[in-house]
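**Student:** Residue numbers (this note's numbering), protein chains in the order written: chain V, 1 to 254; chain U, 255 to 557.
No wet-lab data here; the hints were simulated from the structure. From the three backbone atoms N, C-alpha and C, an ideal C-beta is built for every residue, glycine too. Treat the hints loosely; a few may be bogus.
Listed below are several chain V residues computed to face chain U (Cβ distance under 8 Å; list not exhaustive) [what the hints assert, rightly or not]:
| no. | residue |
| --- | --- |
| 1 | 55 |
| 2 | 59 |
| 3 | 80 |
| 4 | 121 |
| 5 | 169 |
| 6 | 172 |
With the C-beta cut set under 10 Å, the calculated list includes, among others, these residues of chain U facing chain V [claimed, not checked]:
| no. | residue |
| --- | --- |
| 7 | 386 |
| 8 | 411 |
| 9 | 426 |
| 10 | 430 |
| 11 | 459 |
Below 27 Å or equal to it, Euclidean Cα-Cα: the simulated DSS-like pairs (lysine-lysine) are [as the list claims (entries may be wrong)]:
| no. | chain 1 | residue 1 | chain 2 | residue 2 |
| --- | --- | --- | --- | --- |
| 12 | V | 127 | U | 539 |
| 13 | V | 189 | V | 172 |
| 14 | V | 201 | V | 172 |
| 15 | V | 189 | V | 66 |
| 16 | V | 72 | V | 189 |
| 17 | V | 123 | U | 539 |
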Amino acid sequence: MPAVLEARSVSKAFGGIRAIDRLDLSIRDGEIFGLIGPNGAGKTTLFNVVTGMDFVTQGMILFEGKNITKEKAFNITRRGIARTFQNIRLFHDMTVLQNVMVGQNCRTRCGIIHAAFRTSRLKKEEKKIADNALEVLAFVGLTDHAEFRASSLAYGEQRRLEIARALSTEPKLLLLDEPAAGMNPQETKALMGLIEKIRSKGKTIFLIEHDMRVVMGICDRILVLNFGKKIGEGTPLEIQKSPQVIEAYLGTGE
Amino acid sequence: MEAYVAHLLILIGIYAILTMGQNIILGYTGLFGIAQAAFYGIGAYTTALLALRMGIPFWVGIVAAAFIAGFMGWILGLCTMRLGGDYFCIATLGFVVIIQQVFLNWENLTRGPMGLPGIPRPHVFGYFFDSRLSFCILVWAFVFILCVVMNNIAGSRVGRAFKAIRDNEAAALAMGVNTLRVKILSVALGSFYAGIAGGLFASYTGYIDPSSFSVMETIIILCMAVLGGMGSITGSILGAAVLIVMPELLRLAGVTGSLSVYRQIIYGMLLVFVILMRPQGIIGKVEFRPIAAIKEGRLFRAV
């Protein structure tokens with residue numbers, strides 16, 4: 001069975017700087033796979049390159065065995081990879097429900113003619129989109145906020161909305177970029193529960209996080225990045241014991 | 255007196271359509287494209303030339319105007335969409351200049367500065383839309399239909415794609431929206447609206463010449479969109495109404511003279527003032543909802 005996501009000797013250079021240096025990566029179906037490392041290590045760059053928001057300098061990326069290295073970002077989403085952003089990027093002037101409904105754009109077809117004349121096919125499709133969106137909102141616990149403007153939500157709710165929006169694209173692989181950032185302990189616990197719930201629905205999760213409670217708590221395997229290079233890979237226990245990782249990132253504790 | 259009011263209403267209707275098109279491009283999708291005057295002119299000349307050269311009736315001419323203007327908008331979008339925001343704006347402005355120059359210089363086709371006189375009014379089953387009142391009703395029938403269409407689009411997957419691009423283009427891309435294609439579609443649709451307005455204008459005044467389709471004209475349409483409220487259908491009509499009626503009121507109050515010189519300053523200052531003091535325009539971020547008003551007793555709802 002091919003890995004869900006594979007990176008083969010991927011490099012990304014910005015001029016003279018190697019943001020990612022010959023990285024090999026393999027994520028299995030149904031895993032919660034963590035990516036940790038100091039700031040500037042190349043983690044978000046890797047996400048950008050996997051999702052097509054930026055292009056690799058060298059190397060290959062495979063999704064479910066297929067080469068997606070040169071695919072456009074919206075096509076990669078269509079194939080089944082969705083992401084959230086480190087700095088929340090919601091559609092601030094649209095409602096919570098509308099934000100989630102946008103995720104279904106790549107799964108539906110009615111174009112401008114159907115929209116202009118509000119044909120029955122459009123109405124059926126719109127109902128399907130709305131039902132799907134409400135389902136996803138219920139899944140993350142934001143049903144009551146459906147008609148609120150996205151920008152009016154509290155910080156933790158906005159992060160949940162980002163996840164809901166990504167989920168509505170019906171992904172196979174979900175990339176979460178620091179989902180716990182700025183959350184208090186209760187919110188963090190709830191987030192961990194939500195991520196486990198997503199995995200139980202058959203999704204694979206690729207997670208960037210700094211909060212070690214989250215990383216060590218729910219990840220099956222972890223990859224550690226420093227200056228664009230892999231300096232460790234393994235289970236949480238193995239990572240915690242690795243001297244290179246401790247020196248570069250984890251520290252020796254208080 | 256009634257003829258005067260009908261005349262104003264006709265102009266408000268035509269400019270409301272132009273402003274709605276502007277709002278699709280700027281208000282919904284967030285693109286700073288300001289080439290509406292070019293497509294206004296393309297629509298006007300299409301309808302006029304088809305009627306004068308080939309005897310083609312208004313109803314066919316207006317459809318042709320819409321589709322030709324929309325097609326040209328699509329071409330413009332295709333050529334310019336990869337330019338960054340500011341340069342895209344300049345390119346669309348340049349397009350207005352180019353089109354006006356084409357109208358002025360392609361004398362074999364357009365008679366250049368002499369313009370095209372004698373454009374007939376529409377007629378259906380022998381009834382001619384001769385009177386101001388009848389043409390006013392015709393224009394507002396178009397306005398009504400185009401309002402409904404714009405509202406339908408706003409509430410559909412296409413409309414959400416437009417607004418997603420406005421609010422956060424990178425996120426829209428990440429959510430599977432083909433942003434390039436959708437942005438070009440938005441420009442084409444806005445141009446389609448402008449083409450219809452052009453056809454109506456040509457059939458109303460009976461005479462068109464290149465001077466009506468200038469950079470100043472495109473700025474006025476932009477002002478109407480910004481003043482009324484970007485992204486609002488009600489705002490489009492309001493903005494058009496205010497900027498048509500206001501100069502007339504000033505004229506009646508005795509403020510005349512070389513107003514055209516001051517016009518450019520006034521419109522420029524108006525734009526700056528609205529953006530600084532009330533960027534959401536007169537109507538703000540709400541929309542008049544006639545059907546909901548009856549059902550729920552609520553007149554406005556958030557856009």
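**Student:** Each of the hints needs a verdict: does it hold here or not?
**Tutor:** Results for each hint:
The beta carbon of residue 55 of chain V is not positioned within 8 Å of any beta carbon in chain U (closest approach about 14 Å), and the interface hint is therefore violated. Of the supplied interface hints, the one on residue 59 of chain V is violated, with its beta-carbon coming no nearer than about 21 Å to a beta-carbon of chain U, more than 8 Å. For the restraint placing residue 80 of chain V at the interface with chain U, the shortest Cβ-Cβ distance is roughly 10 Å, beyond the 8 Å limit, so the hint is violated. Hint status for residue 121 of chain V: violated, given a least beta-carbon distance of 11 Å to chain U, over 8 Å.
Interface restraint check: residue 169 of chain V against chain U, minimum CB-CB distance 6 Å, threshold 8 Å, status holds. Of the supplied interface hints, the one on residue 172 of chain V is violated, with its beta-carbon coming no nearer than about 13 Å to a beta-carbon of chain U, more than 8 Å. Among the interface hints, the one on residue 386 of chain U is violated; its C-beta lies about 30 Å from the nearest C-beta in chain V, farther than the 10 Å criterion. Among the interface hints, the one on residue 411 of chain U holds; its C-beta lies about 6 Å from the nearest C-beta in chain V, closer than the 10 Å criterion.
This hint holds: residue 426 of chain U has a C-beta 7 Å from the nearest C-beta of chain V, less than the 10 Å allowed. Taken as an interface hint, residue 430 of chain U checks out: its beta carbon lies about 3 Å from the nearest beta carbon of chain V, inside 10 Å. With 10 Å as the threshold, the beta carbon of residue 459 of chain U stays out of range of chain V, its nearest partner Cβ sitting at about 28 Å, so the hint is violated. For the given pair, residue 127 of chain V sits about 25 Å from residue 539 of chain U by alpha-carbon distance, which is consistent with the 27 Å threshold.
Proposed proximity of residue 189 of chain V and residue 172 of chain V is supported: the alpha carbons are some 24 Å apart, at most 27 Å. About 10 Å separates the Cα atoms of residue 201 of chain V and residue 172 of chain V, which keeps this hinted pair within 27 Å; it holds. Taken as a hint, the residue 189 of chain V and residue 66 of chain V pair is broken in the structure, with Cα atoms around 35 Å apart against an allowance of 27 Å. For the suggested pair residue 72 of chain V and residue 189 of chain V, the alpha carbons sit about 35 Å apart, so the restraint of at most 27 Å is broken.
With a C-alpha separation of about 25 Å, the suggested pairing of residue 123 of chain V with residue 539 of chain U holds against the 27 Å cut-off.
Hints 1, 2, 3, 4, 6, 7, 11, 15 and 16 from the list above are not met by this structure, while the remaining hints are.
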